Amino acid sequence: MSEPILELRGVNKSFGVVHVLHDVDFAVYPGQVTALVGDNGAGKSTLVKIIAGIYGRDTGEYFFEGQPVTVHGPRDVAGLGIEIVYQDLALCDNLDIVQNMFLGREETKGIGLDEVSMESRARETLTSLSVRTVQSVRQSVASLSGGQRQTVAIAKAVLWNSKVVLLDEPTAALGVAQTRQVLDLVRRLADHGLGVVLISHNMTDVLEVADRITALYLGRVAADVPAKEVNHSQIVELITAGRSGNLGIAENPATATV
Amino acid sequence: MTDSESTTTQDVVPAQSTAGTGFASDNVQAVTVGDSVRAYLNRLRGGDMGSLPAIFGLVVLFIIFSTLDDHFLIKYNMANLAVQSASIIVLAMGIVFVLLIGEIDLSAGVTGGAAATVTALLMIKHDQSWWLATLAGLAVGAAIGLVIGLLVSRLGIPSFVVTLAFFLALQAIPLKLIGAGGSLRYNDKVLRGLSIKNVPVTAGWIVAIVIVVGFGALALWRYRSRSSQGLVHQPLPLVLIQIGVLAVIVLGITGLLSQNRAPNPNFFNISGIPWVVPVVTALLLFWTFVLTRTRFGRHLYAVGGNAEAARRAGINVNRVKVAAFMICSSMAAVAGLLSASYTGKVSPGSGAGNDLLYAVGAAVIGGTSLFGGRGRAMDAVIGGLVIATIPNGLGLLNQASYINYVVTGGVLLLAASVDAISRRRRSAAGV
Numbered sequence: 001m002s003e004p005i006l007e008l009r010g011v012n013k014s015f016g017v018v019h020v021l022h023d024v025d026f027a028v029y030p031g032q033v034t035a036l037v038g039d040n041g042a043g044k045s046t047l048v049k050i051i052a053g054i055y056g057r058d059t060g061e062y063f064f065e066g067q068p069v070t071v072h073g074p075r076d077v078a079g080l081g082i083e084i085v086y087q088d089l090a091l092c093d094n095l096d097i098v099q100n101m102f103l104g105r106e107e108t109k110g111i112g113l114d115e116v117s118m119e120s121r122a123r124e125t126l127t128s129l130s131v132r133t134v135q136s137v138r139q140s141v142a143s144l145s146g147g148q149r150q151t152v153a154i155a156k157a158v159l160w161n162s163k164v165v166l167l168d169e170p171t172a173a174l175g176v177a178q179t180r181q182v183l184d185l186v187r188r189l190a191d192h193g194l195g196v197v198l199i200s201h202n203m204t205d206v207l208e209v210a211d212r213i214t215a216l217y218l219g220r221v222a223a224d225v226p227a228k229e230v231n232h233s234q235i236v237e238l239i240t241a242g243r244s245g246n247l248g249i250a251e252n253p254a255t256a257t258v
Numbered sequence: 001m002t003d004s005e006s007t008t009t010q011d012v013v014p015a016q017s018t019a020g021t022g023f024a025s026d027n028v029q030a031v032t033v034g035d036s037v038r039a040y041l042n043r044l045r046g047g048d049m050g051s052l053p054a055i056f057g058l059v060v061l062f063i064i065f066s067t068l069d070d071h072f073l074i075k076y077n078m079a080n081l082a083v084q085s086a087s088i089i090v091l092a093m094g095i096v097f098v099l100l101i102g103e104i105d106l107s108a109g110v111t112g113g114a115a116a117t118v119t120a121l122l123m124i125k126h127d128q129s130w131w132l133a134t135l136a137g138l139a140v141g142a143a144i145g146l147v148i149g150l151l152v153s154r155l156g157i158p159s160f161v162v163t164l165a166f167f168l169a170l171q172a173i174p175l176k177l178i179g180a181g182g183s184l185r186y187n188d189k190v191l192r193g194l195s196i197k198n199v200p201v202t203a204g205w206i207v208a209i210v211i212v213v214g215f216g217a218l219a220l221w222r223y224r225s226r227s228s229q230g231l232v233h234q235p236l237p238l239v240l241i242q243i244g245v246l247a248v249i250v251l252g253i254t255g256l257l258s259q260n261r262a263p264n265p266n267f268f269n270i271s272g273i274p275w276v277v278p279v280v281t282a283l284l285l286f287w288t289f290v291l292t293r294t295r296f297g298r299h300l301y302a303v304g305g306n307a308e309a310a311r312r313a314g315i316n317v318n319r320v321k322v323a324a325f326m327i328c329s330s331m332a333a334v335a336g337l338l339s340a341s342y343t344g345k346v347s348p349g350s351g352a353g354n355d356l357l358y359a360v361g362a363a364v365i366g367g368t369s370l371f372g373g374r375g376r377a378m379d380a381v382i383g384g385l386v387i388a389t390i391p392n393g394l395g396l397l398n399q400a401s402y403i404n405y406v407v408t409g410g411v412l413l414l415a416a417s418v419d420a421i422s423r424r425r426r427s428a429a430g431v
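Note that the protein sequences, when read in sequence, are chains A and B. Under the numbering used here, the first residue of the first sequence is numbered 1, with each subsequent residue one higher. Under the numbering used here, the first residue of the second sequence is numbered 1, with each subsequent residue one higher.
Bear in mind the hints are in silico, worked out from the structure with no lab data behind them. Here the structure is a predicted model, which means the values were calculated and not measured. Quick reminder that beta carbons are idealized off the backbone N, C-alpha and C, glycines included. Some clues are possibly wrong.
Computed Cβ-Cβ distance ranges for the label pairs, DEER-style [what the hints assert, rightly or not]: (1) 68(A) x 35(B): 50 to 58 angstroms; (2) 70(A) x 240(B): 40 to 48 angstroms; (3) 74(A) x 55(B): 25 to 33 angstroms; (4) 35(B) x 130(A): 20 to 28 angstroms.
Chain A is nowhere near these chain B residues, computed Cβ spacing over 10 angstroms in every case [said to hold, decoys possible]: (5) 52; (6) 169; (7) 177; (8) 183; (9) 207; (10) 231; (11) 305; (12) 421.
Extracted from the complex, chain A is given alone in its bound form:
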């Protein structure tokens, strides 16, 4: 196994008296899809926000490409090459695909915008991701389907030569065909050498594209296993009970803490 591109070690996080994350270790490898699974309230969102730099950590270390890094905010994280695609997508309906992909980081020539360069780069990125479903890069985002919007949001993240992409429930609101498109895209991102984190409640999706699965249970890592070594019911047990056979947390931590 290669070095992890992004690694968190021993992360603890409390909100007041509520201890949300207990000694969480989390690693993302380049070229792999790491699925982050867990029930509601298991700490997935908190962990993502710590990675994103939105929340600070109480304790624990943050490594990027093997080096410890200090992260003070979302800008530092974006500077490292980590992009987060949020569930609610954060696209502007009134702007077109190119404008959305470059939002906040527009390229300029003189005092004006460099539309030529932006449009070419957006097209290149979409092409490199083999996105075929978009009619025109100058289409307004409002006219896109849910899957296409997800695609644009992901392409926006990839545009910036990012090394790690976190996808928060990318298929939650999608139909069958659109889920297919997005999962293919997730796979292609990893094939391009990026470290991909997939947060999902859909075990079928997870088993289909993930290389590794990290299961959280009540703020602890219940298991961090290669996807090939577990089946659907084992993951469900890890999520709901924190253990499955010889995998998982030795005793029920629910009684021990909180």
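Guided by the hints, dock chain B onto chain A, whose structure is given.
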């Protein structure tokens, strides 16, 4: 993972592999005129009507008024209309900026009044030059916009409430400075001249031709550079038609206003474009550039479309909002000066009447959305012309002035309905 690793080294899929795929349907570079027309009709059907209803309305108004009254279309009245509409148009241009970010500025009218008061006082009581006085007036506008913007963005008070408070409070400035029942003469050669003097005919033609040639060159250059780079662009015939339409409008207006329009042409010579027209044109070009070709403009649309997305994209939403309010209030100051220039005086009630509502109406009639994220500087011009045409035409018909209010209110309601309905259709059609 095993078979996919082989492709890891390739960052970009070779171009030819996408040539036959669906993404090749993004071949907008080969689009025909027919396709563009169809795409445009689809946009209309989807509810994205832009300024079309306003242009249609303007044409209808012109037809009605010119059939009902012989004086409406005469050259003198056309020049009058241009001067009358100038301050509404400029105020509406400012309002477009706050509407774009989904806010409202109810105080813009009285801001204009306050700015005009300061300018007039500096010239009359303090013997300052017109340009210094104008700068002071603009500074008053910008300062008011700054305070409103900070209150809205930092404290999070709804702009409706903040600007309503400013609407009430700012009326004190002219009243205190001028005194109840008084008024200030506004007869500076330059500032008053904006409304009552005309550009020399030759100079007017030169500017008009420069604008047409400049627009044509720019459009063709854009077409060439975009088509040679293989980017989305309009078909050449459409570009040529656009240039042609602009040429007809600009040269037509210049030609009309360059004729002698004096009631008795043998004794007087009144000809040339009123000075306010180039002023409004310059503002239109400047703000169109800012809105469509700069980062700031892009950010305005983004904040209006989805403020949260803009924030996550690293845009300083608060700063954009403050800037929008400052632009609106500064433009309101310009509008106040133009309004004073038209009437020749500043009184305590300047800008407190229906000016603001007319300007909001003009922006909305022109196609700017009340819900944010959609609007252009051009909307203000088209909508402002509609709003100014109604009292102009009704005045010629010797209608009682109450009719004027009813008709203007009706037009505004109609425009807002068009906006709301088209918005609903847009979200249904997703255009």
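Right, here's what the structure says about each hint:
1. 68(A) x 35(B): 50 to 58 angstroms: Between residue 68(A) and residue 35(B), where Cβ atoms are some 56 angstroms apart, the hint holds.
2. 70(A) x 240(B): 40 to 48 angstroms: 58 angstroms, violated
3. 74(A) x 55(B): 25 to 33 angstroms: With a Cβ separation near 45 angstroms, residue 74(A) and residue 55(B) fall outside 25 to 33 angstroms, so the hint is violated.
4. 35(B) x 130(A): 20 to 28 angstroms: Since the Cβ atoms of residue 35(B) and residue 130(A) sit about 26 angstroms apart, the hinted range of 20 to 28 angstroms holds.
5. 52: 17 angstroms, holds
6. 169: Non-interface label stands for residue 169(B): nearest chain A Cβ at 34 angstroms, farther than 10 angstroms.
7. 177: Holds: least Cβ distance 38 angstroms, greater than 10 angstroms.
8. 183: Fine: 42 angstroms to the nearest Cβ keeps residue 183(B) off the interface.
9. 207: The claim stands: residue 207(B) keeps its Cβ more than 10 angstroms from every Cβ of chain A (closest is about 23 angstroms).
10. 231: 5 angstroms, violated
11. 305: 4 angstroms, violated
12. 421: 16 angstroms, holds
Comparing the model with each numbered hint stated earlier shows that hints 2, 3, 10 and 11 do not hold.
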